[in-house]
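Q: Keeping the supplied structure of chain A fixed, place chain B upon it in accordance with the hints.
Here the protein sequences line up with chains A and B, keeping their order.
Using my numbering, read the first sequence as starting at 1 and increasing by one per residue.
Using my numbering, read the second sequence as starting at 1 and increasing by one per residue.
Since the hints were made in silico from the structure, they are not lab data.
A portion of the hints provided could be inaccurate.
Pair by pair, the computed Cβ-Cβ distance ranges are [as the list claims (entries may be wrong)]:
| # | chain 1 | residue 1 | chain 2 | residue 2 | range |
| --- | --- | --- | --- | --- | --- |
| 1 | A | A68 | B | F149 | 34 to 40 Å |
| 2 | B | L104 | A | A68 | 49 to 55 Å |
| 3 | B | L61 | A | R112 | 29 to 35 Å |
| 4 | A | Q62 | B | L230 | 55 to 61 Å |
| 5 | A | R72 | B | A233 | 39 to 45 Å |
| 6 | B | G232 | A | T10 | 56 to 62 Å |
| 7 | B | L265 | A | L17 | 55 to 61 Å |
Everything numeric in this text was worked out from a predicted model, so none of it was measured.
Every residue, glycine too, gets a C-beta built ideally from N, C-alpha and C.
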Amino acid sequence: MINLKNIHVTFGRGTPLQKEALKGVDLTIEEGSFVTVIGSNGAGKSTLLGVLAGDVLPTEGQVTIGTADVTRKPTAARAGLVARVFQDPLTGSCGALSIEENLALAARRGERRGLAAALGLQRRALFRDRIAELNLGLENRMKDRMDLLSGGQRQAVSLVMATLAGSEVLLLDEHTAALDPGMAEFIMKLTQRVVSERKLTTLMVTHSMRQALDFGHRTIMLHGGEIVLDVSGDSRKDLQVEDLIAMFRKMRGETLDDDALLIG
Amino acid sequence: MLSQIAFWGAVELGLVFAFVAVGVLLAFRVLDFPDLTVDGSFPLGAAVTAVLITSGVNAWLAAAVAMLAGGGAGLVTAFLNVRFRILNLLASILTMIALFSVNLRVMGKPNVALINADTMLSPFFGLGLREVYVRPLFVGVLVILAVVFVWRFLESDAGLAMRATGANPRMARAQGVDTRWQIYLGLALSNALVALGGALFAQTNGFADVTSGVGTIVVGLAAVIIGETLFGARGILLALIGCVVGSILYRIAIQVALSTDVLGLKASDLNLVTAVLVAVALVLPRLRRGGATS
Numbered sequence: 001m002i003n004l005k006n007i008h009v010t011f012g013r014g015t016p017l018q019k020e021a022l023k024g025v026d027l028t029i030e031e032g033s034f035v036t037v038i039g040s041n042g043a044g045k046s047t048l049l050g051v052l053a054g055d056v057l058p059t060e061g062q063v064t065i066g067t068a069d070v071t072r073k074p075t076a077a078r079a080g081l082v083a084r085v086f087q088d089p090l091t092g093s094c095g096a097l098s099i100e101e102n103l104a105l106a107a108r109r110g111e112r113r114g115l116a117a118a119l120g121l122q123r124r125a126l127f128r129d130r131i132a133e134l135n136l137g138l139e140n141r142m143k144d145r146m147d148l149l150s151g152g153q154r155q156a157v158s159l160v161m162a163t164l165a166g167s168e169v170l171l172l173d174e175h176t177a178a179l180d181p182g183m184a185e186f187i188m189k190l191t192q193r194v195v196s197e198r199k200l201t202t203l204m205v206t207h208s209m210r211q212a213l214d215f216g217h218r219t220i221m222l223h224g225g226e227i228v229l230d231v232s233g234d235s236r237k238d239l240q241v242e243d244l245i246a247m248f249r250k251m252r253g254e255t256l257d258d259d260a261l262l263i264g
Numbered sequence: 001m002l003s004q005i006a007f008w009g010a011v012e013l014g015l016v017f018a019f020v021a022v023g024v025l026l027a028f029r030v031l032d033f034p035d036l037t038v039d040g041s042f043p044l045g046a047a048v049t050a051v052l053i054t055s056g057v058n059a060w061l062a063a064a065v066a067m068l069a070g071g072g073a074g075l076v077t078a079f080l081n082v083r084f085r086i087l088n089l090l091a092s093i094l095t096m097i098a099l100f101s102v103n104l105r106v107m108g109k110p111n112v113a114l115i116n117a118d119t120m121l122s123p124f125f126g127l128g129l130r131e132v133y134v135r136p137l138f139v140g141v142l143v144i145l146a147v148v149f150v151w152r153f154l155e156s157d158a159g160l161a162m163r164a165t166g167a168n169p170r171m172a173r174a175q176g177v178d179t180r181w182q183i184y185l186g187l188a189l190s191n192a193l194v195a196l197g198g199a200l201f202a203q204t205n206g207f208a209d210v211t212s213g214v215g216t217i218v219v220g221l222a223a224v225i226i227g228e229t230l231f232g233a234r235g236i237l238l239a240l241i242g243c244v245v246g247s248i249l250y251r252i253a254i255q256v257a258l259s260t261d262v263l264g265l266k267a268s269d270l271n272l273v274t275a276v277l278v279a280v281a282l283v284l285p286r287l288r289r290g291g292a293t294s
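Only chain A is shown next, with the shape it has when bound in the complex (with noise of 0.2 Å):
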């Protein structure tokens, strides 16, 4: 279970420049539940999951992931607890090392690393399994370094690694939003089968209304750092896309011009 209690977020607080990203954030999300975020430029998405993860501290407000109060952990302190896919895909795996390497890595995401050799036989062999499911043929390329992949390619490997280890929440920052068409699909394909098979809790921050009404439990849109919309069970299934557009114009207050940006 994930709950935020009253988050307020403030960048360069007492220079001209200060802005509050978040506003007093309250949120919990169940355990096992699949949550989707949506919200303008700048409605404060990237902070919220900058907050779950550890990267953006907040300035007041509590952050509780499972049992643990992580308010104040950073990043590497808490990644026992949280798994993650960026949206880069340069971001999420390390170009200089090699598939496997880069498994060995998350694998052990949040333990301690002992001098043990990083790719036993056992290992290996665990990780080529993993990586066959994918049906994308990287179980055959397991040395090749990671920058000889294609976006989706670290995106899938990115997701496999993501569920090595355990943890209690997974974030997936608009992860399909840097790929084609295609390979968009078949990530959201792909996720959709990891968070179901695995129960996985899981906040979606994406772009695409329809991505955040076709997957998942929960809905949330997120507008000048507050959540002004909340919606699962039978209000979100009657909920349509031109509806979330019509939200997202009286928002904003003005008409947008590229309806395509938010359908995607």
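A: The following block gives chain B in isolation, referenced to the frame of chain A:
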């Protein structure tokens, strides 16, 4: 072209500086930390060893203490960078400059001679093999041990964390790697190896000199780059072997350049020759790549 003695002397010196090259590889390539501390930690290793040996301490113990001292120097640079966010290059320059004074304090004078003192090599002289061969052989065995150790470390879970820190710190943190701690650990290890090089330099050459550190970083980088030019980027072990081979080739090249009368070079031209060699080693891979594409 080279006399036997000159050749084996070059090999020996190359092997001594292989420790520097491996240390530079750890800092520059693995951690992506341009660390100039080595210009200070190399003579620090030499100074500590020389002073301890002349005051009667066992040579092996003296080398071990030298490594600790070098590791400490690395920690200082890491501290300046991690704790106070001083730019990595600048942090290492500060430590390097400070070490010049520290080294003078350690020795109490600009140089200490080790003539007739018992060194790590002494027991191996007089076993029938000529001294010219004993020295490179002895240092070579130590180099192999160091290479195997660093290789196994970099392929362990802990080593992967260090490599990730250099290659993609954001990803490393997301995987639970405390990147600050990795910088401490990496620079300590790197400078401990460099100081061991300094300790061996003092013991094989019979003296420690406060100015012997000048240009250490360039020599180390030259070895790393020559190694990369020869072996390419094909895994950790080959990169390490490349360092050692690069370091030896560098010394032989210098020796040849200086002993060929045709070129009319003198010992004082060493720095110029070094700079030219490093420049050539840097340009070669680019020329080769250019030739392949255009």
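Q: Each hint: holds or not?
A: Consistency of the hints with the structure:
1. A:A68 x B:F149: 34 to 40 Å: For F149 of chain B against A68 of chain A, whose Cβ atoms are near 37 Å apart, the range 34 to 40 Å holds.
2. B:L104 x A:A68: 49 to 55 Å: Hint holds: Cβ distance 52 Å, inside 49 to 55 Å.
3. B:L61 x A:R112: 29 to 35 Å: Cβ of L61 of chain B to Cβ of R112 of chain A: about 31 Å, so the range 29 to 35 Å holds.
4. A:Q62 x B:L230: 55 to 61 Å: 57 Å Cβ-Cβ, so the 55 to 61 Å window holds.
5. A:R72 x B:A233: 39 to 45 Å: Since R72 of chain A and A233 of chain B have Cβ atoms about 40 Å apart, the given range 39 to 45 Å holds.
6. B:G232 x A:T10: 56 to 62 Å: violated (49 Å)
7. B:L265 x A:L17: 55 to 61 Å: holds (59 Å)
In terms of the numbered hints stated before, the structure departs from hint 6 and from no other.
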